[in-house]
Amino acid sequence: MTLWIILTINSIALGGLLFLLSAGFSLIFGLMRIPNLTHGALFMLGAYFGVTFLRLEFNFWVAALLSALVLGVIGGLIERLLLRRLAGQELAQVLVTLGLAFIIADLCLLIWTGDPIPLATPESLRGVLRAGDVVFPKYRLAVVAIGVIVAAVMWFMLERTRLGALIRAGVDDPEIARVMGIRVSRLFTAVFSFGAALAGFAGVLSGPILSVYPGLDAEMLPLALIIVILGGAGSLPGALLGSFLIGFIYNFGQAMFPEIAYVILFLPMVIVLVVRPQGLFGRQSL
Amino acid sequence: MLIGLTALATLPLWLDSNYYINIASQILIWAIFALALNVLVGWAGLVSLGHAGLFGVASYAAAWLVVAGWGHLPAAFCALAITLGAAAVFGLLALRTAGIGFIMITLAIGQILWGIAYRWIDLTNGDNGIILPARPLPFGIDLGVPGVFYLFTLVAFLLTLAAMRGFDRSPFGASLRGTRDQPRRMTALGYHVWLIRFLAILYSGLVSGIAGLLFVYYHQFVSPHVLGLASSAEVLLMVIAGGTGTLLGPLVGAALVVIMKTVASAYIERWNLVLGVIFVAIVIFMPDGLVPGSVRLWQRFRLVFRSKPSSAPRPGVDT
Chain H
1 MTLWIILTIN
11 SIALGGLLFL
21 LSAGFSLIFG
31 LMRIPNLTHG
41 ALFMLGAYFG
51 VTFLRLEFNF
61 WVAALLSALV
71 LGVIGGLIER
81 LLLRRLAGQE
91 LAQVLVTLGL
101 AFIIADLCLL
111 IWTGDPIPLA
121 TPESLRGVLR
131 AGDVVFPKYR
141 LAVVAIGVIV
151 AAVMWFMLER
161 TRLGALIRAG
171 VDDPEIARVM
181 GIRVSRLFTA
191 VFSFGAALAG
201 FAGVLSGPIL
211 SVYPGLDAEM
221 LPLALIIVIL
231 GGAGSLPGAL
241 LGSFLIGFIY
251 NFGQAMFPEI
261 AYVILFLPMV
271 IVLVVRPQGL
281 FGRQSL
Chain Z
1 MLIGLTALAT
11 LPLWLDSNYY
21 INIASQILIW
31 AIFALALNVL
41 VGWAGLVSLG
51 HAGLFGVASY
61 AAAWLVVAGW
71 GHLPAAFCAL
81 AITLGAAAVF
91 GLLALRTAGI
101 GFIMITLAIG
111 QILWGIAYRW
121 IDLTNGDNGI
131 ILPARPLPFG
141 IDLGVPGVFY
151 LFTLVAFLLT
161 LAAMRGFDRS
171 PFGASLRGTR
181 DQPRRMTALG
191 YHVWLIRFLA
201 ILYSGLVSGI
211 AGLLFVYYHQ
221 FVSPHVLGLA
231 SSAEVLLMVI
241 AGGTGTLLGP
251 LVGAALVVIM
261 KTVASAYIER
271 WNLVLGVIFV
281 AIVIFMPDGL
291 VPGSVRLWQR
301 FRLVFRSKPS
311 SAPRPGVDT
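Those sequence lines, one after another, are chains H and Z.
As numbered in the working numbering, the first sequence has no gaps in its residue numbers, which increase by one up to the final residue, 286.
As numbered in the working numbering, the second sequence has no gaps in its residue numbers, which increase by one up to the final residue, 319.
If you're looking for bench data, these hints aren't it; they were derived computationally from the structure.
One should not assume that every hint holds.
To be verified - Cβ pair distances, simulated, as ranges:
#, chain 1, residue 1, chain 2, residue 2, range
1, H, L56, Z, G4, 56 to 62 Å
2, H, P237, Z, A81, 41 to 47 Å
3, Z, G4, H, L267, 26 to 32 Å
4, H, T52, Z, A162, 51 to 57 Å
5, Z, T262, H, R33, 35 to 41 Å
6, Z, D181, H, G215, 36 to 42 Å
7, H, T52, Z, L189, 58 to 64 Å
8, H, Q254, Z, F139, 33 to 39 Å
Stated by the list, open to error - Quick look at which bits of chain Z chain H covers, simulated, 3 or more residues with Cβ under 8 Å:
#, segment
9, 88 to 99
10, 113 to 120
11, 158 to 168
12, 196 to 209
As the list claims (entries may be wrong) - To give an idea of the interface, some chain H residues facing chain Z are shown, with a C-beta separation under 10 Å as derived from the structure:
#, residue
13, I34
14, P35
15, L82
16, Q93
17, V94
18, G99
19, L109
20, L110
21, G127
22, L221
23, V228
24, F252
25, A255
26, E259
27, V263
28, V270
Here a beta-carbon is modelled for each residue, glycine too, at the ideal position from N, C-alpha and C.
Bound conformation, chain Z alone (with noise of 0.2 Å):
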């Protein structure tokens, strides 16, 4: 754990080229995206597929007001704020439902957004995206420098990932598993499914929004694109490769995808296509994720070799 933080930490003095912090950056940004829906997908057991929607409001919204001449910090607040409104509407609105229409009505709501982004051209300058002027200067440090932009991505990344330990030990963390294993159980019990469903969905978009910020300040650009669903599917696909629920899980699937993503548009064109397939082979293969998932291949893999029939019921997915 603590070697695991020390590496982290001081990332930048052996990697020496730029290239790879700012790859080690974008990860930390994913991640802390997938820890905001691995709180719906692992905890509330609420698959949403329109979560670069949240994220893209944040980054939308800092990048507007800023060019709009605000200063970084009430801008940040502020799309901080936009992105809970966002929030609430997008639950009040998901939550008619949940299971199936739950993914369906998030999937509709992702495509309004994008839909915003796209074609409300005086708004949000259509396809051609918001440039955000400079990076900010927290306490006159310069974010602009790739080191000390991966560090400071790197506290917020610590403090999501403390949040959402304390979250997940918390009595609402337990009353949202509750949620998810037994809602009719828990309402029995007296508690309100729905409000507490309605809070976890207010939570992940807060931290989606906070990583919206980081990411209109690592890019300093903004377009339609960071909304579509391709990107609410590849966060999605972190979540569920990392292992749903699970506190590092989401680092270790922003990891795999961010650097997958970078190899494989390094040598061909069609990242869509590989991201596809690992979705399909993901499904079919390690319907649990990636970490448990890698373990039962490989007793299974043994079993083979000891020449017994593996008679092992196949676990499925939990849904």
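For reference, chain H alone in the conformation it holds in the complex (with noise of 0.2 Å):
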């Protein structure tokens, strides 16, 4: 009985975790159509800045913080500079995104070396919290919170903000979009920058539960992958019950299934192209 509680609680923590991963992306992917495969690089190069910004004894969030806003400015750059001379282009996207990706998870390697990191949980959210015999270790309580709060935030962002509707405009139709004097240029630039930043905090916050370690990417990447393409691309409602979802199938199918957990995670997948290839919320298809 403790063991599926304890199950439970790891997934519904790691599904917060996926949230703060595949957001980024899926928007990201679904309102400026760029496939981003370097986003598992970012979220492991926000990890290992975070290694650094501890070992320089900052306090944990503010290590967050700042590991978010680097890896901001990197994804801003890589917008500004690459991404945009190749807009509409997807072939070219894909490869620049993934040739940086490898250059990324190859200097990390340089820089921080082969073996994991394990992040020390920070001071105030060591232990538990008791609810009768059930024991909640507070950290994973903290990260489902925030990856919660941050999504309804960015739902209210999108839907409900002036900003939200110049970015879903600068979607839906950039060229009246910016004969009505929108910047849709820079939203995209920001856009991609918050998605970027997103993944460092993500990156960050995984460290006391994952630790930090080469190949971390890899095994990011196609978890945001099938979180986007099973909550369909573009959608928050989408991206969240995708990443519970996925969490779950995770922690569960490796306590299970040892031998095929990682083939259990994409039957989702295959089943939800199959039937809806669109994804769960999604509008369009892929």
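Combine both chains into one complex, guided by the hints.
As structure tokens, then:
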């Protein structure tokens, strides 16, 4: 019984992390139609920056925010300097982001070496909350809470604010939006930068749970992909649902069928593709 | 043409070092694989980032069957049949979409196959891989000798090249190009676009399987590394670097990548870094492939030297 509860809590916590990872990916993919294959690498890079900031004795949350900031700048530069020139050329975008992912991963290996680095759980969130016989690790609960808050804020921003309306207008019809005086390119840089920052933030947050190691990028990218295919590109509710679904399948699969857990992970994607290729919440096909 | 062929065929005679002959064999194996991917990228306009999965399925199946006690010949045929089956599933899933969706789904399928090779230890021996006890002995010819193995791969490569040439000129090749450029018009003309693409995936999968067989015969070893995203990306780089949709482009691309990889790994450990830089550089400077790209760069260079302001429009990549 306890095992089930632990698995459930771990699944929810992983779901929160995966949402932070995939929300940016889904926005960039769904809104800007850019298949950003560097997303896993940005996640890992964020985690490694977190390692460095923590070694400089920053507070955990400060380190996470700083890391997000750095990643946001890097993401903005990638969009501005490389992807901007390749607007509408999907194959070229795939190649450039894939190339960048290899470069980032190899540089991480060079700088932070190949040994896995665990991040310490922040002081205030060590230990557990007790409710009767059940114990909840505080840190994992915090991660879930952050995931849900970010989801709510993002949804509000996109659907209820002027900025969100501008972004949606820029996506639906960039030319008309430009004619109306909206600076579409600047908006796109902002969205991409925000997605990268979110990935970096998620990377640091994942540190105490997953620890940081080479290959983390290649492990996270397919997860983000599955979640977006499951939930539908550009849909925040889809990304949220997909993240928790994958969180559960990942943890329960590992516990029950360790050998084929990785295959089970992809099954929902296969089913969705066959039954509903645009994803659960998607408006348009991929 | 004839000179090139003679040079290729007599290569073992004037390259006395086994080291270079082995590199030549590797280039040919990867060239066959790149030709297979080129069917999709060049003719069908479908970019697969999971093709190393199909390549790996053939390698694993052949090695596994031989280790299980099968003869080389039945193992090879059975491995190709398994690869065809895998390609069929691959096609059924990936063809739910086109464009970016296709790339994403093939990437995910490639990762599934990698996951099976890496994690399903009972079946695949996990990270330790499977060792193939010996190279096959077709008609009593010993493929253990590097020069002989090279000729064996050369024959396979030339047969594949001939098949590709036939395919290029066949009505099937023409209709596949049609589905790439004008899928709607092809549908209106009564062609079954989905079926044509599906058959192209099967064809590409079969040729990838042949390359995978040669690969496992060459290394006598297969590990999950072969199926990784880096492998799929490398073969895609070969196709694009050489120029998509050309017959000899894949050979040029394979030679470039294999030689660079061999040279780079002799001096530095950072092959993935180099690979990444090449990707970015090719997209930025030579979006249409190495051969047409070099020509274009050269013309621009000359224009600059004639001190005329070059106002030629930058050609973009067709996607």
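These are the hints, each one checked on the structure:
{"no.": "1", "hint": "H:L56 with Z:G4: 56 to 62 Å", "result": "holds, 59 Å"}
{"no.": "2", "hint": "H:P237 with Z:A81: 41 to 47 Å", "result": "holds, 43 Å"}
{"no.": "3", "hint": "Z:G4 with H:L267: 26 to 32 Å", "result": "violated, 49 Å"}
{"no.": "4", "hint": "H:T52 with Z:A162: 51 to 57 Å", "result": "holds, 56 Å"}
{"no.": "5", "hint": "Z:T262 with H:R33: 35 to 41 Å", "result": "holds, 38 Å"}
{"no.": "6", "hint": "Z:D181 with H:G215: 36 to 42 Å", "result": "holds, 39 Å"}
{"no.": "7", "hint": "H:T52 with Z:L189: 58 to 64 Å", "result": "holds, 60 Å"}
{"no.": "8", "hint": "H:Q254 with Z:F139: 33 to 39 Å", "result": "violated, 49 Å"}
{"no.": "9", "hint": "88 to 99", "result": "holds (count 4)"}
{"no.": "10", "hint": "113 to 120", "result": "holds (count 5)"}
{"no.": "11", "hint": "158 to 168", "result": "violated (count 0)"}
{"no.": "12", "hint": "196 to 209", "result": "violated (count 0)"}
{"no.": "13", "hint": "I34", "result": "holds, 9 Å"}
{"no.": "14", "hint": "P35", "result": "holds, 5 Å"}
{"no.": "15", "hint": "L82", "result": "holds, 7 Å"}
{"no.": "16", "hint": "Q93", "result": "holds, 8 Å"}
{"no.": "17", "hint": "V94", "result": "holds, 6 Å"}
{"no.": "18", "hint": "G99", "result": "holds, 3 Å"}
{"no.": "19", "hint": "L109", "result": "holds, 8 Å"}
{"no.": "20", "hint": "L110", "result": "holds, 7 Å"}
{"no.": "21", "hint": "G127", "result": "violated, 33 Å"}
{"no.": "22", "hint": "L221", "result": "holds, 8 Å"}
{"no.": "23", "hint": "V228", "result": "holds, 8 Å"}
{"no.": "24", "hint": "F252", "result": "violated, 16 Å"}
{"no.": "25", "hint": "A255", "result": "violated, 14 Å"}
{"no.": "26", "hint": "E259", "result": "holds, 5 Å"}
{"no.": "27", "hint": "V263", "result": "holds, 6 Å"}
{"no.": "28", "hint": "V270", "result": "holds, 6 Å"}
Consistency with the previously given hints fails for numbers 3, 8, 11, 12, 21, 24 and 25, ordered from lowest to highest.
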